[in-house]
Structure formats: structure tokens, C-alpha cells
Amino acid sequence: MIQYLISIFEKIKKKSILFKILCCIIALLYISIILICVIPIRVDRTTPGSVTNVSYVLSVDSENEKGNIYTVSVYGDDKVSVLEYWLSLLDHNSEIKKGKSNTRLVFTKKEEDSRNVLYKEQSIQDAIILAYETAKKRGCDVELPYSYKGYCFLSIPQNKLKTGIEDFRIGDIVTSIDDVPLESSQQFISKIQSLDENLPITNQFKVIRDGSERLITPSSKMIQFLKTLTITTDTGQYLINDLGYDVYDIDYKNAKPKINREKTYSVGPSGGFMQALSVYNAITPTDITHGKRIMGTGTIALDGNVGIIGAVEQKVITTKIYQGDLFMVPVQNYEDAK
Numbered sequence: 020m021i022q023y024l025i026s027i028f029e030k031i032k033k034k035s036i037l038f039k040i041l042c043c044i045i046a047l048l049y050i051s052i053i054l055i056c057v058i059p060i061r062v063d064r065t066t067p068g069s070v071t072n073v074s075y076v077l078s079v080d081s082e083n084e085k086g087n088i089y090t091v092s093v094y095g096d097d098k099v100s101v102l103e104y105w106l107s108l109l110d111h112n113s114e115i116k117k118g119k120s121n122t123r124l125v126f127t128k129k130e131e132d133s134r135n136v137l138y139k140e141q142s143i144q145d146a147i148i149l150a151y152e153t154a155k156k157r158g159c160d161v162e163l164p165y166s167y168k169g170y171c172f173l174s175i176p177q178n179k180l181k182t183g184i185e186d187f188r189i190g191d192i193v194t195s196i197d198d199v200p201l202e203s204s205q206q207f208i209s210k211i212q213s214l215d216e217n218l219p220i221t222n223q224f225k226v227i228r229d230g231s232e233r234l235i236t237p238s239s240k241m242i243q244f245l246k247t248l249t250i251t252t253d254t255g256q257y258l259i260n261d262l263g264y265d266v267y268d269i270d271y272k273n274a275k276p277k278i279n280r281e282k283t284y285s286v287g288p289s290g291g292f293m294q295a296l297s298v299y300n301a302i303t304p305t306d307i308t309h310g311k312r313i314m315g316t317g318t319i320a321l322d323g324n325v326g327i328i329g330a331v332e333q334k335v336i337t338t339k340i341y342q343g344d345l346f347m348v349p350v351q352n353y354e355d356a357k
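Quick note on the working numbering: the sequence shown kicks off at 20 and runs consecutively.
Hint data in this document are derived by calculation from the structure and do not stem from the laboratory.
Everything numeric in this text was worked out from a predicted model, so none of it was measured.
With a cut-off of at most 25 Å between alpha-carbon atoms, the simulated DSS-like pairs for lysine-lysine come out as follows:
#  : residue 1 : residue 2
1  : K225      : K181
2  : K181      : K128
3  : K156      : K275
4  : K275      : K85
5  : K116      : K128
6  : K168      : K210
7  : K311      : K339
8  : K129      : K181
9  : K85       : K272
10 : K168      : K155
11 : K168      : K246
12 : K128      : K240
13 : K225      : K168
14 : K179      : K246
15 : K117      : K128
16 : K181      : K246
17 : K98       : K129
18 : K181      : K210
19 : K282      : K168
20 : K98       : K179
21 : K225      : K246
22 : K277      : K156
23 : K117      : K98
24 : K128      : K179
25 : K357      : K311
26 : K85       : K277
27 : K85       : K282
28 : K272      : K156
29 : K116      : K98
30 : K155      : K277
31 : K85       : K339
32 : K282      : K128
33 : K272      : K155
34 : K116      : K179
35 : K311      : K85
36 : K85       : K156
37 : K129      : K117
38 : K225      : K179
39 : K129      : K179
Produce the entire structure from the sequences given, and follow the hints as far as they go.
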């Protein structure tokens with residue numbers, strides 16, 4: 020290959036000045052094109068994405084009309100080439116911001132990816148439980164056996180905190196404190212709030228990490244951080260600000276009617292609202308879709324509250340592309356959706 024390039028170079032040397040200049044211009048253009056296609060720019064880009072019928076992920080073995088309820092997703096990048104950046108600027112359906120996203124200022128790429136996977140797990144879990152519990156309260160013959168498992172961390176930026184490897188980390192599920200089984204997130208937060216980070220921490224927290232149990236004695240630095248993510252209301256109740264969520268063991272096989280969960284490659288919590296509606300529709304006798312293609316977005320909580328989401332503009336556009344009849348959105352996003 021080197022000899023071939025040398026031979027070409029020798030031939031060019033024998034050519035006229037004009038030919039040499041032309042070759043240099045072509046070479047520079049070629050190199051420039053390659054560079055703008057490969058040089059990355061740190062941006063936060065969001066574009067219209069796709070829709071997924073919830074029944075492809077959560078299917079219920081019942082004779083009821085399942086309806087057509089879809090989650091709406093978008094595509095996001097944190098790095099694009101110079102060419103992609105220019106094309107995005109010309110596309111009014113895309114949103115692009117230079118620099119790192121707010122979460123990436125706190126979490127590493129690996130930590131953010133882990134959080135998004137856990138958010139998806141939470142959304143599916145809470146949607147299923149809420150759908151069955153609501154249907155049962157309304158007189159439907161349904162059952163969903165489930166039990167409390169523990170408290171899972173979502174928002175511990177270990178890399179930023181520079182805590183030890185044996186400290187808490189994203190994905191840890193706390194199951195007991197000093198051999199006392201954990202029964203709720205409030206119990207966990209109350210314990211954290213009672214600890215004095217200025218004194219040596221001696222309490223042992225049993226956690227499940229990567230499928231295995233281990234005992235953790237958190238550092239004073241970790242306890243101080245956890246306290247900053249919790250507040251108390253006037254009634255003395257603890258509120259958890261995106262620190263984690265309660266995990267439940269759901270007995271899918273013995274659910275009535277049986278629910279089947281398939282693997283999904285999407286991440287994030289914004290499908291929870293439509294997942295809850297889809298499961299509820301499948302286990303109750305009346306088809307709430309009335310034959311319409313229902314698409315939407317929003318987080319879900321076990322108390323039924325639908326939470327705010329991002330990229331609503333791109334999700335409305337995605338719904339239009341896939342010919343949805345109705346787009347459902349959290350009330351907090353309503354004005355932007357309009």
C-alpha cells in the first residue's frame with residue numbers, strides 16, 4: 020500500500036503546477052468531508068422516534084378486547100458528528116443543545132445508562148401493580164400476588180462522590196438494616212435521617228447487588244449525601260426526591276389473569292402511564308380505547324399520579340407520523356403539547 024502511494028506521488032511530481040494544485044484541492048476537500056463526518060460534537064440532541072404497542076411487552080391472557088395502546092419514544096444522542104449537527108439545525112422537528120445534559124453533569128455515561136434501565140423497571144412494575152389494584156377495587160375478578168423486596172437506589176453519583184467501592188451505588192436494593200427486614204422506603208429514609216454523619220457509622224445494610232447479597236456499612240460521606248436528597252413535610256412525612264424506589268417481587272405466573280412480560284430495549288420511565296392503561300384495559304371487560312389508536316407518554320406512580328416527561332414536542336410529532344388518533348400527555352406538559 021505504501022509503495023502504491025509513493026508511486027502515485029512520483030507521478031504527480033511530474034505533472035504541471037495546475038494539476039498539482041487541483042490534486043491538493045481535491046485532497047483537502049476529501050479530508051474535510053471525512054472530518055465533518057467523524058469528528059464528534061458534544062450536544063444533547065432529541066429527534067422524533069417510534070411507537071410500541073404495549074401488548075408486545077406486557078401481554079395478558081384474557082378474552083377481553085386488548086385495544087391499541089402505544090408508548091411513544093424519541094431518539095437521543097449526546098454526541099453527533101459535525102455533519103449530523105448541521106443537518107439537525109435544518110430539521111425543525113429536532114431539538115439540539117450544545118454541551119452536556121443536566122444529568123450528565125452529575126452522572127457518568129455508565130451511571131446514566133444504569134439509571135434509565137432502572138427507571139424502565141420501575142415504570143413496568145408500578146404500572147402492573149396499579150392496573151391490577153385499580154381493577155380489583157372496581158369489582159373485577161383479578162389477583163396479582165406480590166411482596167415487598169426492598170429499596171433500590173436510582174441517584175447515587177458514586178464517581179462524583181468519590182466514595183469507596185464498598186459504599187452504596189446505583190442499582191443496590193436495600194433489603195434489611197441491622198438484620199431487621201425493610202418494609203418500606205419511609206423506614207429506610209427514617210433510618211438514614213437518624214444517623215449522625217459526624218460519628219462512625221456502625222449500622223449494616225444488607226443489599227442485593229448484581230444478584231448477590233452483601234453487607235454494606237455506608238461511609239459518613241454517603242450518609243451526608245443521602246440526607247441532602249430527603250426532606251420532611253409539615254406532617255413529618257419523608258419525601259424522596261428521585262433517590263430511589265420501592266421494589267416488589269411480582270408473581271407473574273400466578274396472576275389472574277396471567278400476565279406475560281417480554282424483553283424490551285427501550286429505557287426510561289415515560290412509558291409507565293400507557294403501560295398502566297394498557298394492562299388495565301386488558302384485565303377489565305370494557306375496551307376503553309373504543310377502537311382508536313391511543314398513543315401517549317408520562318410516568319406513573321403507585322398512587323395513580325401521572326408525572327411530567329421531556330421531549331414532548333418530538334413525541335407529538337412521532338404520534339402524527341404513526342397516525343395516532345389520540346395523544347395522551349401529563350397535564351404539566353399540556354401547553355407544550357398544544
